[in-house]
Amino acid sequence: MTKEKTIQITIDNKTIDARPNQTILQAAREYQIYIPSLCAMEHLSSYGACRLCVVEVDGLRGFPTSCTTPVEEGMVIRTDTAEVKGLRQEVLKLLLSEHPASCLFCTEQDECKQYMGTIRKVGATTGCRYCPNDHRCELQQIAENIGLTETSYPVYYRNFPVEKYDPFYDRDYNLCILCGRCVRVCNNVRLNGTLSFKQRGRVTTIGPAFDRSHIDAGCEFCGACVTACPTGALSVKVSKWYGRPEGQVATTCNYCSAGCRLILQTTKTDVIDALPDYDSAVEHGIICVKGRFGITEYVHSPLRYGTPKEMTPAGYNDISWEEAIAKAAGKLSGLKPDDCLIVVSPQLLTEDLFVAQQFIRQVTGSEEVASSFIFDLDGDAASFINLALASEPFETIEKAQGILAVGFDSTYGYSPIGVKAKQAAQAGASLMSLNSFESNLDLLSKIAFVVNSSRWADVLDLTMSRMSKGKAEKRFADLVEMWGSDLNKTCETFSCSSHNVLIVGPGIIDSPDRGKILRSIERMKNEYSWKVVVAHQYTNLAGMFAMGACPGIKPGEMIKEASADKAVVLKAELIHIDLRKKRKLIYLIGDASFDSLPECEFLIYQNALPPQCSRQPDLILPVSLFTEASGTVISAEGRVLQVKEAVAPYMDSKPDWWILKSIAEKMGKGKMKFNDVSSIQGEIKKIIKGFPAVKKRIEFKEIEVKGNVKTHGKGKPAAWKSSYRGIPLGEVVSGIKVIELKGG
Amino acid sequence: MYRDAILKKFDPRLDNILFILHELQDNNPQHYLANADIEKCADYLNIPYSYVHGVVTFYSMFSLKPRGRYIIRLCDSPPCHLMGSESLLDYLKKKLKVDVGKTTADGVFTLEITSCLGICGVAPALMMNEEMIGNLTPERVDTVLEERRQTS
Amino acid sequence: MNIVRNHVLISIDAGTLMSGARAVEDALVKEIVKQGLDKEVSVLETGSIGITGRGVILVVYPEGIYYADVTPDDVPELVEEHLLKGRPLTRLILTETPKRTIITKEKTGLLKEQPRIVLKNCGFIDPENIDEYIAAGGYEGIAKVLQTMTSEDVVAEIKSSGLLGRGGAGFPTGMKWDFAIKTPGDEKFVICNADEGEPGTFKDRLILEGDPHKLIEGMLIAGYAIHGTRGFVYIRGEYSLSIERIEKAILDARAYGLLGKNILESNFSFDIVVMKGAGAYVCGEETALIESLEGKRGHPRNKPPFPINAGLWGKPTLVNNVETLANISEIIRNGAEWYKGYGTEKCSGTKVFTILGHVATPGLVETEMGTTLKDIIFEYGGGIKNGKTFKGALVGGAAGAFLGPDMLNVKMDFVNLKEYSAALGSGAILVMNEDTDMVDMLKSVLHFFKHESCGHCVPCRLGTARLVELIDDIAASKAKKEDIDQLLEITRVMKDSSFCPLGQSVTLPVSSALKYFKNEFMSRVTS
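Residue numbers (this note's numbering), protein chains in the order written: chain A, 179 to 922; chain B, 555 to 706; chain C, 106 to 632.
You may find that some hints are simply not true.
[What the hints assert, rightly or not] Now the in silico label distances, taken between C-beta atoms and shown as ranges: (1) C:E442 - B:P583: 57 to 63 Å; (2) C:P277 - A:D457: 41 to 47 Å; (3) A:D236 - C:I239: 49 to 55 Å.
Bear in mind the hints are in silico, worked out from the structure with no lab data behind them. For every residue, glycine included, the Cβ atom is placed at its ideal position computed from N, Cα and C.
Make the full structure from the sequences, and use the hints.
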């Protein structure tokens, strides 16, 4: 690596090393030299609107703003002269002339502080109007730092109605200071374009076109604007009622396979907000609505199980863990492998999956490690897994010259992939979108095919045929007519490009024709050298296969070692799970897909929230969720990512692995002597070197299926639309229900 | 579908947006940019609606409200102000019985104020649609309004 | 070929059009035919003659007689009397002409001869006829450049001429070009800033309407000098006639091979397109103009980078004002030394001023840099209307400064005015008589700024709002003495902290108004 050139500058008599292209503010921040600023934000372009970061620079006239002035060798900067301080005070006074400022200048401010962390409604305590951002507000911090204790102007209240009609967050533009951070993040970082400045001058406001609601304006509710807002103008509906956060924990989102990092903001007992981390190497802070707004309501749902429960004729009875473990152990004892079906969710943590497969194999003696993944994909599980586990990293999209997105839409999920595709398209890549509905990529697409999924394979075949200048077959006639010359042009760029990326979205899983589509995708990959990026909602699918939490595959068998680069041979009958055969016992570990399951005499349900079906579980084992547990997930990119306990487990709930090993212990079966997560990780370390601190992406072998896979015969796959542990997010998170209704 | 015909005259490039918006507004029977105009423009240029809306509202020549057949844009910049545009504005308001930004009940006139029109030699002045009218006095305003009213 | 006995020039500009110039022209042509004079008399359209507020203006050559306020009803009499019988129609003759601009070159008036550089052709040629421009020596400049000069020569010549940018800031044009030529880039642009919005200014409009080819030639030379590839004329949307004229001129120039590929069979290729604004004063600021040209909201950009390094679409871009560019061909044709013969030592050349307000003859005048305010008002503007006395003038537009009677002898140029905390700006001179309420005038200026602030930065967006509240209170005698101090304090903060020149310049009118007319403000407030 070449050493980066540095530039020496002097700030307040302190000489520091800055990098070329840095602004004075950026350099100062790196050295913890405080310069107040409201409109500058890391990862956003310089804007220069708030004018609070003015400084003095030798040789430059007046008071340049440090957020817009690039550093130059030998620059001498002063950030705290009397003139600079005075100017900042005056600018701040002007800024506050249209921002309610009772939280800053009230004489009863100190008394008020006792009530911090609560919302103060009109008339309560000292009688203020409330600000949802009180004590988290950057404006407050800056006023304090600048030392402003009074203002020269009467506050002009703009009297905008507070906008509360959209899900997830409220907007009170009376508190807006027009720093433009939300507009910039929406347009330049998220490439969404919901927000814009409207009007000009003093009457400037922010919002979507035509004063539409955000939901009607195509907002993706990624919440980047709320995170960016330095004041209380934008506030999260759920978390604003929790008051100030007391701590924060960086963890990995468990809602899909992307593996985005979340900064969970917590109080002692609750997760109150989930923020993006723009420094994360995975998604660079580009998280979706599910991670941003879908956590708090899910993990703190009033429906959560706090204690084990047993079904009695009079309804559910709370029982102790001792009783519950004994009950489960009793029911499992003496069963033949065929008598029970244990279903494991691909959304468990790697450690839980490792324990789960051991449990199934050692306790029941069965090889039938079932999962909703296998039910969903039915006979196509192997081809999908081969595609998914070989998925290229997201950054492959960045330099793509041609992109084809099939069954992919990143409005309410898979944002890191969607935004990368949009970025590439803006930089000139030819983007083609293929979906059964209008996707959020359409605006930047050269071609947007909106056709039923039964035609997707045709479109892919047509693309390949055009790329190799083949003659158009009859079956393509209508498609050709639809797009004519555009199609030729786009395929031309595809065939000229050596870097084409095919983004495979979850849409193909729901398609009845996924077999055909998958075969076309395989051809594009193998014969036309398309790189494939797969987006799916099976959070820890890679972990599941790495841990062998699937039929016929041993732990570690799938992991590609430097020496053995062979495929894993799998007998077809192993993947076949008979869903017609009645069982004595079904044990659902983190899954709730009853409707595709056979009848059973006894149902053990190990989960956090009640299932969405008619069959009542006989035994309920309450689980602590990923915000309350530690471990890892292996993302679609093959990264081993840490999940960290942010708050204590809810009531009496326990991690999945603990429940499983306790039952095994009770039954006296298996060798699961685990006391904590790290002891499990010690076992996994034998399969994956250095686990869990694995820097390298894990690579997988292919599966080669011997024989024909029978379908399990239960018809269509369970609806997987944004669900976590078998529970649709929309059933638990009110806002997600709203946006999914709109999308559907 | 006159809108499509207008769009076709321009390459779908962002730098044509002001031209496109001018033409769409000029051809709108109510001299304004309807939601449909903005949406058409955005779709044609492949940009978000909010973007076009933001551009439209930045420039004072564009209107999001339907306007009358004649748009009176009275200059209120210092040169016209010095020559009495303020009292003329009062006169116009009284005469037309509308406030600034509003359209007369018969839909003939919309009263607006504008910054300097660059015809200060004949201050106070106004722009009536594309036409400049200067050396205004209440009498001249009367004549001008009467003429327009008769032709409409 | 016919020998034409008389030429009748009819001034067609936005001002005369509104007075019915077309109707007069039609009547004139018909009447001439009717009298059988169409072989002997030709009617020619020309741009503004520099006289405003006097209706339709005609000039009859070779006599050089000016008629004003001509209506179609006057035409039969005028044709019969002057063109048929050779007797000038005295009742319509514009009597105050001798002291006005162009005319002084032909007749020796009280002042020395006024040079016409920028407005040389305005009012003499038909702006819609490229041949007339060429006949008047047009496009000789670009021919000379292409045949005998390197780009560096051109830049050196402009530098040596001492030409300062006429947009308002007075930045040395040659230096700007020098930066541009030194900036590497495969594509470079020349933008003509014709977004004339400074209140009281319409010089650019008259150039665009009266001599559009001069601007094209200026842009061509600029393009050649900086290795530019394309030019853009950004005109405010309200200037429909200007847009029409320049578009026609571009088409004609293209047809003559003066625009496009391999101009005049050289290796130089350059073309120009017209872009239309939509009503935003701030777009007169060069970076806001570029944003607008790119199709965005007209917020100004951060500087650095300056447009000369990264302007339109991130490419090196030279932005010059209309009047600046209109000087170029003359400098090239006549040489820098000739140009420096006009004006003052530090500010060479001429300046086009617009004289407005309470003067006898409002209009525009091109005069040497350094002419005194008094001469401009009293000699060219005909003094104060209706025998009133001079009270003050707002010089340089809204972003300019108020000057009091003791400033009448100030020499009008960029450098000198700066010494008096004033600015030449766009060259607008709004004259106010003894009856003027200066508080009310400042109020109008501040309302203008509030309306035109783009809202990007805090000091300007909220500063203008607070200033308007304060001045409204002062004007309504509801304010306290401290409010005047606050007025000054806000403008000081705006000057030191605003993003762009719009907010920075509000201090000029406010502090100058309070400097020269403080008593008037004090009499409105309670202590």
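Do the hints match the structure? See the list:
no.	hint	verdict
1	C:E442 - B:P583: 57 to 63 Å	holds (59 Å)
2	C:P277 - A:D457: 41 to 47 Å	holds (46 Å)
3	A:D236 - C:I239: 49 to 55 Å	holds (53 Å)
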